[in-house]
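Peer 1: Read off the chains here:
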Amino acid sequence: MTDTMSEVGRARRRKEDARLVTGRTQWTDNIQLPGMLHVAFLRSPMAHARITRVDVSAARGRPGVVAVFGGADFAAEQGSLPCAWPVTEDVVIPDHPPMAVSEVRYVGEAVACVVATDRYKAADALDAIEIDYEPLEPVLDMTEALAEGSPTVHESGNKAFTWKFAQGDIGEAFRDAPVVIDRTFVQQRLIPSAMEPRAVVAQTDGDRFTLHSATQIPHILRVMLALTTGIPEHRLRVIAPDVGGGFGSKLQVTAEEVLCLLITRRLGRPVKWTESRSEGNLTVHHGRDQLQRISVAAERDGRIRGVKVDLLADMGAYLMLVTPGVPLLGAFMYNGIYKMDAYDFTCTGVFTTKMPTDAYRGAGRPEATYAIERAMDELAVEVGLDPMEVRRRNWIKHSEFPYTTIAGLTYDSGNYEAATDRALALFGYDKLRAEQADRRDRRDPVQLGIGISTYTEMCGLAPSRVLGSLSYGAGGWEHAEVRMLPTGTVEVVTGTSPHGQGHVTAWSQIVADALGVPFEDVSVIHGDTASSHKGMDTYGSRSLAVGGIALVQACEKVREKARQVAAHLMEASADDVEFSDGRFRVRGTTTERTIQEIALATFAAHDLPEGFEPRLDAQATFDPDNFSFPHGTHLCAVEVDTETGATTIRSYVAVDDVGKVVNPLIVEGQVHGGIAQGIAQALFEEAVYDAEGNLLTTTMADYLLPSAADLPDFVTDRTETPATTNPLGVKGAGEAGTIAATPAVVNAIVDALRPYGVRDVRMPCTPERVWRTLQNRALQNRALQNRALQNRALRNEEGASA
Amino acid sequence: MIPASFDYSRPSSLDEALAVLGDAGEEAKVLAGGQSLLPLLRLRLAYPTTLVDVGRVAELRGIADHADHVFIGAMTTHHEVIRSPVVNEHCPLVALATATVADPAVRHRGTFGGSLAHADPAGDLPSVALALDMDLVARSSLGDRIIPAAEFFVDYLEPALEPGEILVGARVPKLGPGWGFHYEKFHRTAQAWATVGVAAAVRRSNGTVEEARVALTNMGPTPVRAVTVEAAVRGVAADRNGSLREAAEQAAEGADPPGDLHAQPDYRAHLARVLTHRALLAACAV
Ligand SMILES: Cc1cc2nc3c(=O)[nH]c(=O)nc-3n(C[C@H](O)[C@H](O)[C@H](O)COP(=O)(O)OP(=O)(O)OC[C@H]3O[C@@H](n4cnc5c(N)ncnc54)[C@H](O)[C@@H]3O)c2cc1C
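One line per chain: the protein sequences are A and B, in this order. Going by this note's numbering, the residue at position 200 of the first sequence is 200; the numbering climbs one at a time, nothing skipped. Going by this note's numbering, the residue at position 136 of the second sequence is 136; the numbering climbs one at a time, nothing skipped.
In short, the hints are calculated from the structure, not lab data. Glycine is no exception: its CB is placed at the ideal position from the N, C-alpha and C atoms. Don't take every hint at face value.
Take a look, some chain A residues computed to stay more than 10 Å from chain B by CB distance [claimed, not checked]:
| no. | residue |
| --- | --- |
| 1 | S6 |
| 2 | M36 |
| 3 | F165 |
| 4 | S523 |
| 5 | P706 |
Label pairs and their computed distance ranges (CB to CB) [what the hints assert, rightly or not]:
| no. | chain 1 | residue 1 | chain 2 | residue 2 | range |
| --- | --- | --- | --- | --- | --- |
| 6 | B | D256 | A | G428 | 43 to 51 Å |
| 7 | B | T49 | A | Q780 | 51 to 59 Å |
| 8 | A | V446 | B | V227 | 29 to 37 Å |
For reference, chain A alone in the conformation it holds in the complex (with noise of 0.2 Å):
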């Protein structure tokens, strides 16, 4: 009987998906409007340089061109770009022009637009706008940025902050350690590359304004805009349409649309402006670019005493909407799972001339859960054990939760023996490593590597208390509103901002089951300032532990009023009025009234309870007391050809544990797509700049990303541990993959190459790199052991003379 069995839980096939990939949806670069103009932006091609003049005048003169701006003309409205999360009291946010007036810091920087009545005019007139540069020295490297002497990207300096954080006594936890690890691990540089480019829509009637944006944050985005171009926010619309991904990228307010905003206002016309993928490579914000020095102290035992980090985070050229705050959002994740007495770490915020940085799927997570992943591996060598049993030896176990660990957070549930025992199983691990073994005693030149990866992560941002705490701009509460239509179907309007997720199937399953109404019976609007008027959007893996309690909190609220209608019709007393599957029914009776009929009964009003405000429609606003921590044993394979450098992925498991699951088909999606995203980290991307400041990984022909036919199939299975902190018992998965697989994967590379000398191997481990390192270590082991022949012989010499 499908009527009693339960939604959540189920594997329904995404009902968003039809109209999305058929294209019968509305993209932002999808919309036409009556008299629109086109904008192309003229971008630096310099890292660093003084605009010493800028003539627009014969580019007004070339077909289709409408208008010409240069900086200077925004000079006076465009005001900066906002920074939500000043770090620190004396954190440095300069100045941001959304177009660059006299000053350029970064190759793709916008220095002037043409607008014109098509795309291709805009783009051909570009060629006819003359600026006159004055170079100013780039700053490429966060280490010689900070010595003395360096060229700064800022009058102030190149420090944008230093961030500490401490607890326990860490010089007792290392003076006199058994062991110490201390390594410096690379984040390399990414480029969030999400299928639709970034697209801007803006227009006004002279009074309102609305800005289409291909955007994750719509309602973050109108605060910020009205905030920075004076438009009052009331006037203000902005809508988030269909958007095809965004991991972060798109949790932005970017120039473009503070431009596109302005250019209206001044042209009275609509105006569009879709990125091409080089120029989104040059100025989408990028992700990750730490320098990570983590130092472990442990026990001859495994068990660790104490952690150090010392992180340097590129900031790029400027502070975007939470460019500090995303290393800090990794500043309570560098204990991992692992239990110690001390934990200290310490972040500066570096500028250079580079594009800035800002979120990128898993923001912080991933470049913490890499250093602890890979260090834990490095302790396992130094202490002989191995890799998983010195995790085990340090990690929280099952009865021990909740936990408040060193780094001050309270994991409230976890079973790390549980998904660690089921990855093992699934994985085949002593054959894998017996198998290893074999290679290694035959010198094959293809070794096998075995990594592990036992991640946890802090998602559903997050409780408002915690944030302002950490000085963000604003709270993480999210809201739902539910409205009960007369013929008993049912609207959600909720302030997430889904971009690719599902939100629509996976709040029409929690709706189903509140209510008790049909899965199909439920539809969901999201995006619209003007229809959704209240949220917090979508991103940190926020939306169903935080956006989705709001909504079983406000079907809640609709479903108590219906009671009580219900127990008027039925003359019966509320409290007598039990609920299931969608029908009330008097206690013990057969009386029963249907919720649609409830619904109707409600829209007539012709009988309703005294006083009885005539409507079922309820929102909810939800406020978390704490985070949620889904975690999981993620174990990857590898096969390493010595010859060539080249690693190819054997086989890859993933246990993972993000509580209770409202639709394992939406789980599995963003756990395979997480994965293949930690991969691409581990093996494949890079964003490259030149020692002049040149972005060289401009198509994709330079910046490589996997397809389908570079990964290996994912084994993949759950264990549910049920978050005990909200009432669906859920955690989130959106960055749950992307943080386990990357030192999963380069674990295993150095594994592979443990008995060559290797130590580690700097991200993307490409074949060249490999290659390379295995040269150098070659080239190392011949001196040691010229040294050591030396050395032999010197002691003849010395005992044959003795």
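With chain A held as given, fit chain B with the ligand onto it using these hints.
Peer 2: Chain B with the ligand only, in chain A's frame:
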């Protein structure tokens, strides 16, 4: 794609195409599958005044089985080449290499002739053309011109085609019995161009190599014939005992490998040696 503006014409016969091309002047370009030309237009790295789309010219399409050679029409798609029984029987190296090109979408649009005419040393077919000593057939208003592969690849992206000439196709010699073939491609993702590729054809008898043809992809501004390897390998044992490896050690001789984000020249030279050994082993089927 936001290219600069250009004129477009789509003739339906070869004569018409030649006439349009002749009239359009030096800056006109033939458009075949567009898989290399359109990216150049998109990046505004090419500014042709006219594109002559030969997609409807039936004479340029198809594969014909002749006595001593196979003729592959320029507009035959990669997909058609891979599926052709004639190609697979008489010049399997062409099919082997073509199967490594990009992905199914690109292979359904990209053409055999376009790959040769583009003269990209990172393309997989130029080195195959060189290894097999193909004869390329170009036509202009003056008639046909036969260009041996060894003379066709003049420089980086520069084929020996005159303005107004259209590549009609290539004659691929049938090598006859006793030959083994292999195309060894090393690339970073399935869709990516070769970091280095090796096209090898080997004739064996009684366990020794009688003759070998070896050409390298992406080891210089043009495809490179590894003549030193070809000489060194003649007469050696076609087995895994080391003489093929020794011959392959000379693979990078005379090459001028480029350095880019995917590989520096010394690494490419190293790869050429390793991959040539593997290609020889596979072509010898040992
Ligand atoms: C994502 C991607 C990956 C790729 N990966 C590979 C790869 O791994 N290996 C590989 O070899 N190739 C690869 N390619 C290129 C692909 O093989 C192209 O098909 C090929 O390079 C060009 O063929 P085309 O028919 O598309 O030619 P077009 O792009 O139409 O033309 C290419 C050039 O040749 C000229 N031309 C074409 N036909 C003629 C003719 N008949 N006479 C005269 N001139 C002519 C054009 O004027 C132009 O200059 C890839 C392409 C893409 C988009």
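Peer 1: So, for every hint listed, does it hold in this structure?
Peer 2: Hints, verified against the model:
no., hint, result
1, S6, "holds, 41 Å"
2, M36, "holds, 16 Å"
3, F165, "holds, 37 Å"
4, S523, "holds, 35 Å"
5, P706, "violated, 6 Å"
6, D256(B) with G428(A): 43 to 51 Å, "holds, 47 Å"
7, T49(B) with Q780(A): 51 to 59 Å, "holds, 58 Å"
8, V446(A) with V227(B): 29 to 37 Å, "holds, 31 Å"
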